[in-house]
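Participant: Using this note's numbering, the letters of the first sequence correspond one by one to residues 2 to 525.
Everything labelled a hint here was simulated from the structure, so no lab data went into it. Since this is a predicted model, take the numbers as computed values, not measurements. Treat the hints with caution; some may be incorrect.
Claimed, not checked - Listed below are the simulated DSS-like cross-link pairs for lysine-lysine, each with C-alpha atoms no more than 25 Å apart in a straight line:
| hint | residue 1 | residue 2 |
| --- | --- | --- |
| 1 | Lys-113 | Lys-73 |
| 2 | Lys-477 | Lys-458 |
| 3 | Lys-113 | Lys-154 |
| 4 | Lys-423 | Lys-518 |
| 5 | Lys-436 | Lys-452 |
| 6 | Lys-382 | Lys-436 |
| 7 | Lys-512 | Lys-458 |
| 8 | Lys-495 | Lys-515 |
| 9 | Lys-515 | Lys-399 |
| 10 | Lys-464 | Lys-399 |
| 11 | Lys-274 | Lys-410 |
| 12 | Lys-452 | Lys-495 |
| 13 | Lys-425 | Lys-464 |
| 14 | Lys-477 | Lys-399 |
| 15 | Lys-399 | Lys-275 |
| 16 | Lys-73 | Lys-263 |
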Amino acid sequence: MIEDFKFIKPGEVRVRIAPAPTGLLHIGTARTALFNYLFAKKNQGSFILRIEDTDIERIDPRAEKDIMENLKWLGIEWTEGPDIGGEYGPYRQSQRLEIYAKYLEKLLAEDKAYYCFCSEEELEAEKQYKMSIGEPPRYSGKCAQLSKEEVQKRLAEGQPSIIRFRVPAKKVEFEDLIRGKIEFDASLIGDIVIAKDLATPLYNFAVVIDDFEMKISHVIRGEDHISNTPKQILIQEALGFPRPIYAHLPLILGPDRTKLSKRHGAIAISEYKKRGYLPEALVNFMAFLGWNPGTEREIYSMASLIKEFSLERVQKGGAIFNIKRLDFLNGFYIRQKSIEKLTELCLPYLIEAGLIEPVFKEESKVSELPTAFFGTEIVQKYEIAETKEEISLEFLRKIISIYQERLKKLSEISELTDFFFKDKLDYDKELLRWKEMTDEEIRSSLDKLEKILSRIKTEDWTKENLENILMPEAEKMADRGMLLWPLRAALTGKEASAGPFEIAEILGKEKTIKRIKEARGLIK
RNA sequence: GGCCCCAUCGUAUAGUGGUUUAGUACACGUGGUUCUCAGCCACGUAACACCAGUUCAAAUCUGGUUGGGGCCA
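Please work from the sequences and hints to get the whole structure.
Facilitator: Here you go:
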């Protein structure tokens, strides 16, 4: 009941996420985790991470680590499980098998569950038939009335079997914090399978046991679980467990309005991380997928989300994942970073692109691509990959600072700034042409540039001075672009870049003039 | 097919019977800002799925239709 919820005392809230370690942490799970985390934090409760690893065939050994690493990276920290806490553990289902067996036996002993010997083919045929005549595809109850002796006999013979829960024919209703009252007619469900055998519980059964044993107060999960809820409630009732409060979150949808999945492209958090998204941006973005504070403020840190979050303000309809908005948010958070921090964050991308190289103190320690940065123990210095020229932190920071506001993703840094790290630029001579300039005009601009710049002393080689000297020259021409475009193109080899003066300053007098001469060489 | 959930600009959403010529952000378009790009600023395009009903008054309440989605070991 919503009323109950209002009287929750601090510390009484216990929520959880229970991912199956079958793949990398994806957006959907991360968003569910976020909402659970925010709710727990807001109510000074506990947030439990439980691993649902009973489906041995589908488990990916790397998944658990990936899930935990990326949750931490996002700043979503759990207070219990899989290796933290322990009072209510263990937190991996594979380590809880005796617990499930105990309850399974209880249900069997009370005749609230029974063994079923129907074959899969038989069941499938029945399902198809039922669907073809427009009936709900529920189990016929063929094995429901088997005598104890008959069951014992078949079990002894080793006949393949599963365990079914006797679903009572009654109406089930529950109050969802987000959707209000939801009703189901359980007589339509049919007796559900709750375990393959005593040692192999199935999802709907295991969750109920775990949530009870772990004293979960609120089950906050995706909307795709709504139809599982009545089944779980019935099992709870059969076992005499109290009912947790439910809140079903709207789904995250792909552009085609179906549940976001792998075929929609990247959905793993680690993939976003690799592409240069910031955890702040991802968190802010995910929070607004199905929730909003009711004000016009859009920028929220984790701390302010915790303060403002409430399940009452969660949307009912599914939300389409719009990456353009994530990009905008990411760009925003990049612009908020200090240059020092942003430089650290960009370093791995420059290294990966082969633009710069770290020089390690102890070669033996290096096994994979370092996400190391200046100040790290094992990195001695960085050098330009091509020329082995040592580069200073100052130099890198200057480069990063002129691209900070142009960056949407960290990964873009290498493509944007590669010309700073290359000895020779490779571009078509046409790039030097501004609008309808003739070769003669380009040549003349370049010559003028070289002449003027050569006269500037090295100690006066600053962005401001360069601008003060060159701008009046540009003004003299019919169009400022006639001087500035060839300059910038010669320095960067790119159609688009930061401004020419700041680039020239960073490049230094020598390289600037060298590049102008090289450009001059392209025009016969 | 059965059951369940959902429905405001392209997207995320504000809106809880009158204050609404339906607001904001992203995206998009136009203009401005030292050549370009980005950023920033300004302006603009753009939505209550439909049909009934309740009411003096409905995006907001009720019913239905349509559409979309989820689940069905």
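Participant: Indicate, hint by hint, whether the structure satisfies it.
Facilitator: These are the hints, each one checked on the structure:
1. Among the hinted pairs, Lys-113 with Lys-73 is inconsistent with the structure: their alpha-carbon atoms are about 42 Å apart, more than 25 Å.
2. For the suggested pair Lys-477 and Lys-458, the alpha carbons sit about 23 Å apart, so the restraint of at most 25 Å is met.
3. Taking the CA atoms of Lys-113 and Lys-154, the gap is about 20 Å. The hint holds against a cut of 25 Å.
4. A C-alpha spacing of about 16 Å is found between Lys-423 and Lys-518, which places the hinted pair at or below 25 Å, so the restraint holds.
5. For the hint linking Lys-436 to Lys-452, the alpha-carbon distance of about 23 Å falls within 25 Å, and the restraint holds.
6. For the hint linking Lys-382 to Lys-436, the alpha-carbon distance of about 43 Å lies beyond 25 Å, and the restraint is violated.
7. A distance of roughly 14 Å separates the Cα atoms of Lys-512 and Lys-458; the hinted pair therefore holds under the 25 Å criterion.
8. A hinted pair counts as satisfied when its Cα atoms are at most 25 Å apart, and Lys-495 with Lys-515 qualifies at roughly 17 Å.
9. About 20 Å separates the Cα atoms of Lys-515 and Lys-399, which keeps this hinted pair within 25 Å; it holds.
10. A C-alpha spacing of about 12 Å is found between Lys-464 and Lys-399, which places the hinted pair at or below 25 Å, so the restraint holds.
11. This hinted pair checks out: Lys-274 and Lys-410 have alpha carbons roughly 10 Å apart, not beyond 25 Å.
12. This hinted pair checks out: Lys-452 and Lys-495 have alpha carbons roughly 23 Å apart, not beyond 25 Å.
13. Note on Lys-425 and Lys-464: the hinted pairing holds, with a Cα-Cα distance of about 23 Å set against a maximum of 25 Å.
14. Restraint check for Lys-477 and Lys-399: not satisfied, since their Cα atoms lie roughly 30 Å apart, outside the 25 Å limit.
15. About 24 Å separates the Cα atoms of Lys-399 and Lys-275, which keeps this hinted pair within 25 Å; it holds.
16. Taking the CA atoms of Lys-73 and Lys-263, the gap is about 22 Å. The hint holds against a cut of 25 Å.
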